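Novice: Numbering-wise (my numbering), the sequence shown opens with residue 1 and increments by one.
Because the hints were derived from the structure by calculation, they are not lab data.
Where hints are given, some of them may not hold.
In silico DMTMM-like cross-links for lysine to aspartate or glutamate, where the CA-CA straight-line distance does not exceed 25 Å [as the list claims (entries may be wrong)]:
| id | residue 1 | residue 2 |
| --- | --- | --- |
| 1 | Lys228 | Glu48 |
| 2 | Lys228 | Glu216 |
| 3 | Lys134 | Asp218 |
| 4 | Lys207 | Glu193 |
| 5 | Lys211 | Asp266 |
| 6 | Lys211 | Asp201 |
| 7 | Lys115 | Asp266 |
| 8 | Lys228 | Asp381 |
| 9 | Lys115 | Glu132 |
| 10 | Lys228 | Asp266 |
| 11 | Lys134 | Asp381 |
| 12 | Lys133 | Glu252 |
| 13 | Lys228 | Glu193 |
| 14 | Lys133 | Glu216 |
| 15 | Lys228 | Asp215 |
| 16 | Lys196 | Asp215 |
| 17 | Lys134 | Glu252 |
| 18 | Lys133 | Glu106 |
| 19 | Lys134 | Asp236 |
| 20 | Lys211 | Asp236 |
| 21 | Lys107 | Glu132 |
| 22 | Lys341 | Glu299 |
| 23 | Lys196 | Asp236 |
| 24 | Lys207 | Asp218 |
| 25 | Lys341 | Asp266 |
Listed next, with one range per pair, are the computed distances between beta-carbon atoms [stated by the list, open to error]:
| id | residue 1 | residue 2 | range |
| --- | --- | --- | --- |
| 26 | Thr230 | Val127 | 21 to 27 Å |
| 27 | Val264 | Trp202 | 47 to 53 Å |
| 28 | Asn114 | Asp325 | 28 to 34 Å |
| 29 | Asp215 | Lys115 | 15 to 21 Å |
Source: prediction; values computed, not measured.
Glycine included, each C-beta is placed from N, C-alpha and C at the ideal position.
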Amino acid sequence: MQTVLETAPAAAAPQVAAGTPTVPTGAPAKESVGRATMLREIDRARQEERDVMAGQVAGQIATSRRSSGLWLAVGLVTVLFLAGGAIGGAMWWNHHQAAQQAAQQEKSLAALGNKVVNVSQQINTNVWADVEKKVSPAVVHIRCLYRLRVPKIVAANSTAALSAGEVLLWEGVTGSGVLVRPGLVLTAKHVVEPWKVRFRDWDELQKGGAKAEYDELDVQFAGQQPLKATLVASSDEFDLALIQIQPTAAHEVPVAASNNAVRVTDRIAVISYPANLGERPSQVRNLSGFGADFSRITEVTPTFVTGTVTHPLTGSTGANYVVFDAAVTHGSSGGAVVNDKGELIGIVSQQFQQAKSINVQGQEIEINDVVSAGNMAVSPDDIRSFLRSRGVV
1 MQTVLETAPA AAAPQVAAGT PTVPTGAPAK ESVGRATMLR EIDRARQEER DVMAGQVAGQ
61 IATSRRSSGL WLAVGLVTVL FLAGGAIGGA MWWNHHQAAQ QAAQQEKSLA ALGNKVVNVS
121 QQINTNVWAD VEKKVSPAVV HIRCLYRLRV PKIVAANSTA ALSAGEVLLW EGVTGSGVLV
181 RPGLVLTAKH VVEPWKVRFR DWDELQKGGA KAEYDELDVQ FAGQQPLKAT LVASSDEFDL
241 ALIQIQPTAA HEVPVAASNN AVRVTDRIAV ISYPANLGER PSQVRNLSGF GADFSRITEV
301 TPTFVTGTVT HPLTGSTGAN YVVFDAAVTH GSSGGAVVND KGELIGIVSQ QFQQAKSINV
361 QGQEIEINDV VSAGNMAVSP DDIRSFLRSR GVV
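Taking the hints into account, I'd like the entire structure generated from these sequences.
Specialist: Here's what the structure looks like:
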């Protein structure tokens with residue numbers, strides 16, 4: 001910058017008042033106003049330059065700070081975004097995994113439920129269907145027709161004596177039995193020797209000359225012709241008897257190992273020929289070569305009824321009975337009571353009551369009347385004991 005220095009023109013010397021001191025003429029002159037102004041302008045210019053430079057520096061600093069703040073904000077937003085994305089992703093992944101696990105658990109539970117239903121259905125249907133298929137062919141219908149003769153007898157409620165040799169009883173009994181060995185059928189004693197059960201003192205009657213005679217004793221498998229049967233043995237302790245038939249293709253039913261195989265609440269099935277159920281007349285061809293070409297028979301089909309063991313087996317001594325709630329009636333006697341394994345755990349027995357008596361040669365003989373087929377069966381231990389005594393097991 002170019003600075004022009006101006007010098008003020010010399011002024012006339014002022015008049016000096018009296019008494020006023022004078023300034024020596026040799027004193028230096030005062031600095032001019034133009035110089036001071038110039039110096040102030042220089043200082044101001046320098047100050048402005050410094051201010052401009054300071055402003056630029058401050059602006060740069062502010063700009064830098066703003067840029068740093070902006071980048072910091074951007075960084076923070078980015079970090080937050082990434083963190084949020086990571087957290088959101090983790091949450092989504094966890095939710096996805098939880099949903100997959102829940103779906104898998106639902107599938108597993110559904111499969112388990114189906115399995116339980118299938119098992120339940122198998123227990124309730126298929127198991128018994130298999131038992132029926134295996135055991136029913138070995139259960140037979142038994143028909144016993146007999147007559148009882150005595151030489152002399154007087155009824156307790158009558159004074160008339162019957163002549164010697166006159167028939168006292170002529171009865172027919174039907175029941176059931178089960179094949180336990182090839183050609184051997186196990187049944188209830190009162191089915192094939194009913195007189196020994198009805199007359200409690202049969203031995204006394206025999207001493208008086210009483211005699212029982214079979215008119216017919218036969219067995220019949222389901223859908224087959226009747227077969228002649230022969231009494232092999234009966235028990236003095238239990239309501240059991242063995243009869244023999246010609247061997248057939250039917251498979252025998254195994255006897256349970258012991259009474260330990262029977263417990264209260266166990267499911268059981270009774271297979272038998274109650275009353276006239278399952279009977280129907282049919283004609284079959286006579287292949288013997290004798291008699292008519294066709295003969296008329298009654299075909300039979302067993303019933304299969306399930307139930308539950310309702311009482312513990314009776315005492316450790318004497319006869320033991322399996323008590324159950326499956327429906328039975330006349331004709332079921334001697335039928336098979338089996339468990340869900342198809343093992344024989346009982347032979348259906350009957351309940352009797354003392355109803356009347358007869359006089360045989362002056363002695364009163366008590367007679368038992370059948371009350372019902374009874375929801376009771378001879379136990380496995382008693383069955384095995386009887387069969388063992390006959391050399392069967």
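Novice: Decide, hint by hint, whether the structure agrees.
Specialist: Against the structure, the hints:
Between the alpha carbons of Lys228 and Glu48 the distance comes to roughly 145 Å, so the proposed pair goes past 25 Å and is violated. Restraint check for Lys228 and Glu216: satisfied, since their Cα atoms lie roughly 8 Å apart, inside the 25 Å limit. At most 25 Å may separate the alpha-carbon atoms for a hinted pair to count; Lys134 and Asp218 meet this at roughly 23 Å. Simply put, Lys207 and Glu193 have alpha-carbon atoms about 17 Å apart, close enough for the 25 Å limit, and the pair holds.
Simply put, Lys211 and Asp266 have alpha-carbon atoms about 43 Å apart, too far for the 25 Å limit, and the pair is violated. Simply put, Lys211 and Asp201 have alpha-carbon atoms about 13 Å apart, close enough for the 25 Å limit, and the pair holds. A C-alpha spacing of about 23 Å is found between Lys115 and Asp266, which places the hinted pair at or below 25 Å, so the restraint holds. The straight-line distance between the Cα atoms of Lys228 and Asp381 is roughly 29 Å, outside the 25 Å bound, and the hint therefore fails.
Taking the CA atoms of Lys115 and Glu132, the gap is about 24 Å. The hint holds against a cut of 25 Å. With a C-alpha separation of about 36 Å, the suggested pair Lys228 and Asp266 falls outside the 25 Å cut-off, and the hint is violated. Taken as a hint, the Lys134 and Asp381 pair is honoured in the structure, with Cα atoms around 23 Å apart against an allowance of 25 Å. At roughly 13 Å between alpha-carbon atoms, Lys133 and Glu252 fall within 25 Å of each other, so this suggested pair holds.
Simply put, Lys228 and Glu193 have alpha-carbon atoms about 16 Å apart, close enough for the 25 Å limit, and the pair holds. The suggested pairing of Lys133 with Glu216 is violated, with an alpha-carbon distance near 30 Å, which exceeds 25 Å. This hinted pair checks out: Lys228 and Asp215 have alpha carbons roughly 11 Å apart, not beyond 25 Å. Under the criterion of a C-alpha separation no larger than 25 Å, the hint pairing Lys196 with Asp215 is consistent with the structure, at around 17 Å.
At roughly 9 Å between alpha-carbon atoms, Lys134 and Glu252 fall within 25 Å of each other, so this suggested pair holds. About 38 Å separates the Cα atoms of Lys133 and Glu106, which puts this hinted pair outside 25 Å; it is violated. Distance check on the hinted pair: Lys134 and Asp236 sit about 31 Å apart at the alpha-carbon level, beyond 25 Å; violated. In summary, the hint linking Lys211 to Asp236 is supported, as the alpha carbons are separated by about 18 Å, within the 25 Å threshold.
Straight-line distance between C-alpha atoms of Lys107 and Glu132 comes to about 36 Å, which puts the hinted pair past the 25 Å bound. With a CA separation close to 28 Å, the supplied pair Lys341 and Glu299 exceeds the 25 Å bound. Between Lys196 and Asp236, the direct Cα distance comes to roughly 10 Å. Compliance with the 25 Å bound is thereby established for this hinted pair. A distance of roughly 28 Å separates the Cα atoms of Lys207 and Asp218; the hinted pair therefore is violated under the 25 Å criterion.
This hinted pair checks out: Lys341 and Asp266 have alpha carbons roughly 12 Å apart, not beyond 25 Å. Taking the beta carbon of each, Thr230 and Val127 are about 36 Å apart, not inside 21 to 27 Å as hinted. Distance hint check for Val264 and Trp202: the Cβ-Cβ separation is about 35 Å, which falls outside the suggested range of 47 to 53 Å. A beta carbon spacing of about 31 Å between Asn114 and Asp325 agrees with the range 28 to 34 Å that was offered as a hint.
For Asp215 paired with Lys115, a C-beta distance near 57 Å fails the hint of 15 to 21 Å.
Consistency with the previously given hints fails for numbers 1, 5, 8, 10, 14, 18, 19, 21, 22, 24, 26, 27, 29, ordered from lowest to highest.
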